[in-house]
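Enquirer: All chains should be modelled from the sequences, with the hints used to inform the complete structure.
In case you want the letters, here they are:
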Amino acid sequence: NAGVTQTPKFQVLKTGQSMTLQCAQDMNHEYMSWYRQDPGMGLRLIHYSVGAGITDQGEVPNGYNVSRSTTEDFPLRLLSAAPSQTSVYFCASSYDGQGGSPLHFGNGTRLTVT
Amino acid sequence: SQQGEEDPQALSIQEGENATMNCSYKTSINNLQWYRQNSGRGLVHLILIRSNEREKHSGRLRVTLDTSKKSSSLLITASRAADTASYFCATDPPLKAAGNKLTFGGGTRVLVKP
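Respectively, the protein sequence lines represent chains D and U.
If you want the working numbering, it's the position in the first sequence, counting the first as 1, plus 675.
If you want the working numbering, it's the position in the second sequence, counting the first as 1, plus 1467.
Misleading hints may appear alongside valid ones.
Stated by the list, open to error - Residues from chain U that face chain D, not an exhaustive set, calculated with beta carbons under 7 Å:
1) N1497
2) N1498
3) R1508
4) G1509
5) L1510
6) H1512
7) D1559
8) N1567
9) K1568
10) F1571
11) G1572
12) G1573
Stated by the list, open to error - Covered stretches of chain D (chain U as the covering partner; in silico rule of three or more C-beta atoms under 8 Å from a C-beta of chain U):
13) 709 to 723
14) 780 to 789
Stated by the list, open to error - Some chain U residues flagged as far from chain D (calculated, every beta-carbon gap over 10 Å):
15) D1474
16) Q1481
17) E1482
18) E1484
19) N1485
20) A1486
21) K1493
22) S1525
23) G1526
24) K1536
25) K1537
26) S1538
27) S1540
28) A1548
29) L1578
30) V1579
Worth flagging that the hints you see were computed from the coordinates, not collected in a lab.
C-beta atoms are modelled at their ideal positions from N, C-alpha and C, and glycine is treated no differently.
Expert: What follows is the structure, given as structure tokens:
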């Protein structure tokens, strides 16, 4: 039972490069989301999806794109990496998009932008 | 912006002692959840308490919620070295808008010394 799988685990980018962080879940969860975690800042919501074909912005969406073509996958795209995007990125899913549904997290992607 | 603020930021105790951490939040909520994060891993859901509940137990965990003070506490009894982790509170907004948009605090780092 894999749960939420994120790849890669580590990535180093140069400023201006683009890349896609992958996230897949095998629990048939409707809701998926991306958070970034910075020291002392807790986790901040980047984008989320309440089902295939539906996405919306969170608290800090600038510089990131998402799409949800299947229930299982929710990739996060960095369009033109900036040093301010150096962070640990977590994908999380829950059974539905209703409040009170516990989130299941992947183990994160640690991104460094130089 | 952070909805929840944990206190203390760090806590060091001996194995067998109890650990208490607090979370304060700013706006009304439907639910409050506590998560644990081990170093280098994703967050793991521990317990959820609804706004109409005052106390909840799960194994060695006890959570209280005081909506009049907009605060919650997490008590870990008879701590073990394996409880060493960061602990986060997370709240969801009171309005039933789309999305399980949890807002996380900055976390409490707990070190349990053997």
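Enquirer: All hints, please: hold or fail.
Expert: Each hint tested on the structure:
1. N1497: Interface hint status for N1497(U): holds (5 Å vs cutoff 7 Å).
2. N1498: Check passed: Cβ of N1498(U) comes within 4 Å of chain D, closer than 7 Å.
3. R1508: holds (5 Å)
4. G1509: Status holds, d = 3 Å.
5. L1510: holds (5 Å)
6. H1512: holds (4 Å)
7. D1559: holds (4 Å)
8. N1567: holds (5 Å)
9. K1568: holds (6 Å)
10. F1571: holds (4 Å)
11. G1572: This interface hint holds because 5 Å falls under the 7 Å limit.
12. G1573: OK, holds: G1573(U) within 7 Å of chain D, min 5 Å.
13. 709 to 723: holds (count 8)
14. 780 to 789: Satisfied; 4 residues make the cut.
15. D1474: holds (13 Å)
16. Q1481: holds (26 Å)
17. E1482: The assertion about E1482(U) holds, with a minimum of 26 Å to chain D.
18. E1484: holds (26 Å)
19. N1485: N1485(U) is indeed farther than 10 Å from all Cβ atoms of chain D, at 24 Å.
20. A1486: holds (19 Å)
21. K1493: holds (13 Å)
22. S1525: Given that every Cβ of chain D is farther than 10 Å from that of S1525(U), nearest at about 12 Å, it holds.
23. G1526: Per Cβ check, G1526(U) is outside 10 Å of chain D; nearest 16 Å; holds.
24. K1536: K1536(U) is indeed farther than 10 Å from all Cβ atoms of chain D, at 20 Å.
25. K1537: holds (17 Å)
26. S1538: About 17 Å separates S1538(U) from the closest Cβ of chain D, which puts it past 10 Å; holds.
27. S1540: Holds: least Cβ distance 18 Å, greater than 10 Å.
28. A1548: holds (21 Å)
29. L1578: Holds: least Cβ distance 17 Å, greater than 10 Å.
30. V1579: holds (22 Å)
Of the numbered hints listed earlier, not one is contradicted by the structure.
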